[in-house]
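Line by line, the protein sequences give chains R, V and Z. For the first sequence, the residue numbers in our numbering are 1 to 372. For the second sequence, the residue numbers in our numbering are 373 to 699. For the third sequence, the residue numbers in our numbering are 700 to 1063.
Simulated from the structure, these hints should not be mistaken for laboratory data. Computed from a prediction, not measured in an experiment: that's the story for all the values here. Treat the hints with care, since some could be wrong.
Cross-link-like lysine to any residue pairs, in silico, SDA-like; alpha carbons within 20 Å at most [said to hold, decoys possible]:
(1) V/Lys614 to Z/Met803
(2) V/Lys614 to Z/Arg783
(3) Z/Lys846 to V/Arg607
Spelled out, the chains give:
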Amino acid sequence: MATTQVLLEKAGTVQDRISDIGRLSQWTLMRRRFMENRLSVAGGLVLIVFYLVAIFAPFVTPYSVDALDSNSQYAAPTALHFINGHISICGVTQTLNKANFTWVYTTDCNKAYPLQFFAPGYSYHLFGIIPMNIHLFEVPKGQKFFLWGADSQGRDVFSRTIMGSRISLSIGLVGVTLSVILGSVLGTASGYFGGAIDNVIQRFIELLMSMPTLPLWAAFAAALPQDMSVVKRYFFITLILSLIGWTGLARQVRAKILAYRTLDYTMASRLAGASSWRIILTHMLPNALSHIVVVATLAVPFSILGETSLSFLGIGMLPPAVSWGVLLRDAQQLSVVESHLWLMIPALCVILAVTCFQLLGDGFRDAADPYS
Amino acid sequence: MVNYVLRRLLYMVVTLFFISIIGFFIINLVPGSALDARINQLRAQGGEVSYQEIESLKARYGLNDPIPVKYWKWVSGVVHGDFGESFTYQEPVGSLIWSRIGFSVLLSSFALIFTWVVAIPVGVYSATHRYTVPDYVITLIQFIGVAVPDFLMALILLVVASKFFHTGVGGLFSQQYQNAPWSWARVGNLLSHMWIPVIVIAASATAWTTRVMRANLLDVLNQQYVQTARAKGLREAVVIWKHAVRNALHPLIMTLGSLLPSLISGEVIVSIVLNLPTTGPLYISSLINKDMYLAITFLMALSILLVVGNLLADLLLAWVDPRIRYE
Amino acid sequence: MASTAMSPVRGQAGQAEDFVIRVEDLRVEFRTPIGVSSALDGITFEVPRGKTLGVVGESGCGKSVTGLAILQLVPLPGIITSGRVLFRPHDGSEAINLLEYERMGADMRGTRGKNISMIFQEPMTSLNPCYTVGNQIKEAILLHQTKNHKEAKERAIDILQKVGMPNPERIFGSYPHELSGGMRQRAMIAMGLSCTPDLLIADEPTTALDVTTEANILELMRELQQEIGMSIMFITHNLGVVAQMCDDVAVMYLGRIVEQASVEEIFYDPKHPYTISLLRSIPRLGTNRKEHLEVIRGSVPDPYTRVSGCPFHPRCPSFMPGICDKVYPEALHLPSSPQHLVRCHLYNDLNHQEVATSSGDKSS
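Could you put together the complete structure from these sequences and hints?
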């Protein structure tokens, strides 16, 4: 191991950290290491923005998700102009081309309409309780503003994407939280008690891992009745995603617990007469926590992708619910997407969110365990 | 070694048995199956023939039996090569699935080969050129590659192909070969159509595997035996490829267990977007239509594909790593 | 004062003494994003032909880097920034500066394993687990000696026999995990000696082994040295091993050689306070002046903070304020024994005087 040793001897950061260890708590050290990783910090910041927007989604969106407008089918994204010191949209007039019966849109920037910030619009309940009708931006009555275009029924893709983020982003977190609880409990039980319990749990995990993920998800999801309420369906889809996602985590936790079981301090507390619960809760889980956080963070993107895929296939979330996967169903037809590329914008959101979660998870991992 | 293989085979059969129970149970969760629909349809037709058929269907699938009895009837059929009937297609399941499963196996295997053929060299390059611009670029592409869901990749490719190259990429055959008998020309046509779905299916797996390979190799390059090899006077290429990569492959093969499910999942969803005649589209539609015998057969087929893949991976591992031989 | 018959190390070049390797003013830096650390800060020494040089010091002092630098195998981000590594082959030809060879070029590779071999500390990890011991020994033979596989195999089995393997044919086909630690280190030595090198660099070859195995391995190395006539550069932190194995000793501290002398002088007349402290921290060499074992205060400092003056001054029992923390000490030849080199201000003004005591208790 001479080379590794040389590297360790010579890598200044490592030396610094070793000399710090006595003074700083483990979490402080991890935070420091994490902060050094610019890309991960950036990923974390973008995610914070994502989640803030999701929480304040009705405030951010100018239109409600089901505001139909038969005059604006597949309307292209509205251009923004900077006119007279205001961010404005240009007036649009719609005329029917009688020759081939298509709508022709003409933009007239002499008639500019500045965006109105913090203006009243449709009514909603902030956080589900506070009644409000103020929105981040609105356009004057009679004008239409589609920042990211409109869909087949003239609904605002921007508003729908923002509102869709609520389901798509939360299902990942909630699903992974359930996975973490399941995985930690079963993984700990498996690792700590060993024997028959371990055997049964491990065989069960192997069984679940021997079934292809997406087809299994699909089978579960297809078993849900079509006429379920949105909330119920959300709950079950989350449950399905986590029921299959906990296995990897359980294995990792088990491996950690097994490693801790042989350590001196565990032995010492056992000799001192501590109960199993005490040993698990005070000595093992806190140590495994950083590891659990890392694995969980890296699992969130796959949960998000899972929901998106299922909804895209028509067996996940279903309309009238709005999620990124549901929105992408509109983009299923090649002929539609080709001429209306903005329908793919929810896909960009998926990609960005998933990438950021990966960066964040990677940063967490490097911070928690710099040598792996 | 033979013992090991036999034990693993036995274990595989047991696993598949349990999978069939779970799968059958899940697919039978919801009342209102395609079987009911078919019986209702026959009832509406009325007549002696219909009545007899209803009775035979009831007897065969134990319509009013509890799930365990239904399961037993189904399994006894499967053992004799009778997979049940697809009620939407009104055809035996057996006749519907084989060619589709064949294409699925073909696509998944090619995707796996593609994944490794690309991921290993790229991962090696990335690890041996750490902190250089190409390494950063590769890392960035990896992150995005993992982040783009398979079906999106397929969609994007469809759009790009039709917008910029004015060609369609759907299907596995050109029109004239669609129903033609097998010939070399048809195989060639298949291959020329297959590379796009293969790349799409393999994309995220490739990105992920590249990352694993890079991390593995970086670990191995710190090992003493790599330095030993250099100290012998070996060329760097030999040091890397003979001494380091061989050891870095070991954990890579271990991750096959999680790579295969993602490839098979990818195959299912990409086939739907690209409209390929594989298990994917039919499986999902059978689920939506509650065509349960078709669905369970596909689920079992995909599971077998996965379990056999895992077995092969374990054997490969035993071959690559002398330490686990004869265990 | 113990005087040696042979002259171990010379300060000036051009002496007639035959050396295998001569390192001159070698500097190695590790350049990381956080900063630059000097792993080797201008070290000069030579390994006489057929003799053993011990390189001693605590962890992190640059011993291993010295060995790796000779073979140009310092791992990144380490870089050899200056110096010469002169190698003189046994055929008596002119000395070659190995650092002029390209790092992974054919000339350098042709030297590695053939003229200069290196064996490492951890026999458990020094052998590739994926290949048989025979394959790995054969590899070096095929590279440097013969292209004939059958002949290479015979030679490998021959050398396995030579290192005392009980059943060389069987060992040839064994995988490393099937061997014990001692056996693996024998296999490593066999690999190192397979091409009868001029110099064997042994980087703590027995540290990971138990005492009995260690004794056997050291015995084996001594025998083989006699037989092949090679030189050994023995890197260790174990002064007991140095006493058994070495003719000359170089004591390193923080990338510098602080004292260099024959093994007798190092043990019976150490000059540098660091050497003295090292010797005192060994149980059986205590001079009974104190009851309990001494340890050296503090530990090797962080490599990025450059210590002003003498790098050892923060830990030195003979620290002289105003001198030691200000001025970097030059290497001095002791008048009584010109081959004995020491870098310490204690001997600055004593250059013309006999040093009466080897004690370091002069702290003010």
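Note to self: For V/Lys614 and Z/Met803, compute the direct alpha-carbon distance and say whether it is at most 20 Å.
What the structure shows: Distance of about 16 Å is within 20 Å: holds.
Next item on the list: Quickly compare the C-alpha distance for V/Lys614 and Z/Arg783 to 20 Å and report which way the hint goes.
Entry: violated (32 Å)
Item checked: Pair hint outcome, Z/Lys846 versus V/Arg607 [Cα-Cα no greater than 20 Å] -> holds (16 Å)
This entry does not satisfy hint 2, going by the numbered hints stated previously; all others are met.
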